[in-house]
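Novice: Protein sequence lines correspond, in order, to chains A and B.
Here the first sequence is numbered in our numbering, starting from 1 and rising by one per residue.
Here the second sequence is numbered in our numbering, starting from 1 and rising by one per residue.
Please note: incorrect hints may appear among the correct ones.
You can't tell identical chains apart in this list, so a pair holds if it fits in one copy or across any two.
To be verified - Straight-line distance between alpha carbons at most 20 Å, and here's what the computed PhoX-like set of lysine-lysine pairs gives:
1. Lys111 x Lys214
2. Lys111 x Lys216
3. Lys273 x Lys249
4. Lys224 x Lys108
5. Lys249 x Lys117
6. Lys3 x Lys32
7. Lys287 x Lys273
8. Lys212 x Lys310
9. Lys132 x Lys212
10. Lys287 x Lys262
11. Lys58 x Lys212
12. Lys249 x Lys262
13. Lys224 x Lys212
Derived from the structure by calculation, the hints contain no laboratory data.
On a predicted model such as this, the values are computed, not experimentally measured, just so you know.
Chain by chain, the residues:
There are 2 protein chains.
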Amino acid sequence: MPKIHNFSAGPGILPRQAMEAGAKACLEFNGKGLSLLEMSHRGKDFIAVMDQAVSLVKELLGVPAGYSVVYLQGGASLQFAMVPYNLLDEGESAAYLDTGTWANKAIKEAKIFGNVKVVASSKDANYNFIPKGYEIPKDAKYFHVTSNNTIFGTQMQHFPESPVPVVADMSSDIFSRPVDVSKFGLIYAGAQKNMGIAGTTLVIVRDDLLGKVKRKIPSMLDYKIHIAEGSMYNTPPVFAVYMAMETLKWVKQMGGVSAMQKRAEEKAQRLYKEIDENPLFKGTTAKEDRSRMNVTFVMEKPELEEAFGKEALAAGLSGLPGHRSVGGFRASIYNALELESIDALVSVMRDFAKKNA
Amino acid sequence: MPKIHNFSAGPGILPRQAMEAGAKACLEFNGKGLSLLEMSHRGKDFIAVMDQAVSLVKELLGVPAGYSVVYLQGGASLQFAMVPYNLLDEGESAAYLDTGTWANKAIKEAKIFGNVKVVASSKDANYNFIPKGYEIPKDAKYFHVTSNNTIFGTQMQHFPESPVPVVADMSSDIFSRPVDVSKFGLIYAGAQKNMGIAGTTLVIVRDDLLGKVKRKIPSMLDYKIHIAEGSMYNTPPVFAVYMAMETLKWVKQMGGVSAMQKRAEEKAQRLYKEIDENPLFKGTTAKEDRSRMNVTFVMEKPELEEAFGKEALAAGLSGLPGHRSVGGFRASIYNALELESIDALVSVMRDFAKKNA
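Make the full structure from the sequences, and use the hints.
Specialist: And the structure:
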């Protein structure tokens, strides 16, 4: 069997050392004669894990004072509801940027709680670019964006200046580049794309935004309660938090988010170059909005896609088929993916072009 | 280091074979050259895991037609809100039995959504028994019970005949005994006490109870959506579902829930016998309501508790200190705990009694 190169869109590739640490913790943890999986979350061993998982987020992203960091459950999809539940009172408005499937889902949930103003949308172009030049209404409670669109392969290279707090779903590009957290009101991210495994969600929130809506919030959906209890209001997803910690330890060892950005740029550049130069392939998105996490491309002759897909699979390239909304191919090249995997893909693309010249 | 006997109240002890399977899956799964942790949840490998995790629940508990089984996130604590969100309209009433801390939390959340009638409570006796002889109002939308009270060491040995659907939090005793699912409207259980690791919650629900409230339900809190999407409306907690599957495979191999019941009775009987016969110890709950999952006991002379705690720890008995609400000790003896661990505890109790006669 060839080495498998994992281009899965998520759950996605993780650092090998994190998976090895996870395997070890399943059997025995900290020399205590017990598996991490069967330890009380109130014991000092797991408390140290949670503390480190939180402090690594603060350190790596430079989270300023006045912000809280919590690990929750339910994925970004639960955040689509929790954000307006906590921030948007009935009769108030929130602004949303519509850049794809996940933005749409966020919009749908927000409408349950208040009014939604979609400031701009690239829907008519099948979301192949990030809208720009829109106006953010000053009376909005917040402005919601999706920083990277996993399905459509676009990414916000800049965040707009906003008169209201910006809320960002960073599920598929968090920890892939430096972010000025002070420019955001709330950042959330499902862990399973770039910072760990499925089963936990990171939330970074500016404390002074909370506690202002009049509705009663169920405890498990109330950010203030999770913050007050240090992500331990109820039993946290122990193993998922541990894997986030191990993944972030690796990010730090590698040089932090600046190093991740350099790594991502190098990988993305090499792959987009091949897409642009290889006569058989073409990218699907506006060049200036190209994602450095999810590289989407199709073939000039769609009838060749099946054959290319088979050759890629035979060469150990896993997870390449594109999402049905775009078709073609999608190479998800998250932090943990090595440059050699890009080279393997580029090599298959070149070989295929030669054979089909 | 002596063998560690794990009496943790939760996350609690798991079958060794499940932890070994988990460790292996962290490194490589199904011969695919990838870790389970980095595989798409939409791929056939994980779909097979989810299917088996669901079908084992149906098989082991004999779930009848007309019920759905889903794996969610957020723990039982999120169910405290989801149950009334889905079943209790504003102005309607639900009946609750108050048997301890978790029942109280469920009651608190339900009050956000409708009216709550507490039919009976053992609060005045520090929840050391299960109330009986109460009346369940016929106009209640449902009647909520906690089948086993992890903190106070009581367990419902029988479920009442009810004129309205019974909703049961079975977090700490599910799969420890046969249950006639047809007598329930909804059963939920956080996995981390008796059926897996922290990070997923099992819900079994009678389909015809759903879709009747008038309020809008956020997608992630709507049972109907999770059912329609086969627990994959969004990325499920992959590893937690896998560990539930592996744990339930073990339950089946051991002979199913009847075998688990026999095992639990034998373990509980042996430990309660020592508590009753040893002059230094006494149980904290009414005998007829004693839990076969969480055995709570204190010492006749409280000043000896610190010394006993130390001896227990030195003998490799982990997780024995009682919850602060009860004090003393709590031996959580979930499915995976072996009889030899009970014997180890009994032996330390006897030795301690001899030395302190």
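Novice: Take the hints in turn and mark each one as holding or not.
Specialist: Structure-based check of each hint:
Proximity of Lys111 to Lys214 under the C-alpha cut-off of 20 Å is found in both arrangements, the shortest distances being 17 Å within a copy and 16 Å between copies. Taking the shortest Cα distances, Lys111 and Lys216 sit within 20 Å of each other both inside one copy (17 Å) and across copies (10 Å). Proximity of Lys273 and Lys249 under a CA criterion of 20 Å is satisfied in neither setting, with 31 Å inside one chain copy and 49 Å between copies. When the C-alpha separation of Lys224 and Lys108 is checked against a cutoff of 20 Å, the pair qualifies only between copies, where the shortest distance is 17 Å, while the shortest distance within a copy is 24 Å.
Taking the closest pair of Cα atoms, Lys249 and Lys117 never come within 20 Å of each other, the shortest separation being 39 Å inside a single copy and 49 Å across copies. In the homo-oligomer, the alpha carbons of Lys3 and Lys32 lie at most 20 Å apart only across protomers (10 Å), although the nearest pairing inside one protomer, at 35 Å, exceeds that limit. For a Cα distance limit of 20 Å, the shortest separation of Lys287 from Lys273 inside one copy, 11 Å, qualifies, whereas the shortest one across copies, 74 Å, does not. In this assembly of identical chains, Lys212 and Lys310 lie within 20 Å of each other by CA distance neither inside one copy nor across copies; the values are 54 Å within and 48 Å between.
With identical chains, the CA atoms of Lys132 and Lys212 are never at most 20 Å apart, being 31 Å at best within one copy and 43 Å at best between copies. Taking CA atoms no more than 20 Å apart as the test, Lys287 paired with Lys262 passes inside one copy only; the shortest distance there is 18 Å, against 66 Å between copies. Taking identical chains as interchangeable, the C-alpha atoms of Lys58 and Lys212 are never at most 20 Å apart, the minima being 25 Å within one chain and 44 Å between chains. Only within a single protomer do Lys249 and Lys262 lie at most 20 Å apart by alpha-carbon distance; the minimum there is 18 Å, versus 45 Å between protomers.
For the homomeric pair Lys224 and Lys212, the shortest alpha-carbon distance inside one copy (11 Å) is at most 20 Å, but the shortest distance between copies (31 Å) is not.
In the structure shown, a violation is registered for the earlier hints numbered 3, 5, 8, 9 and 11, in ascending order.
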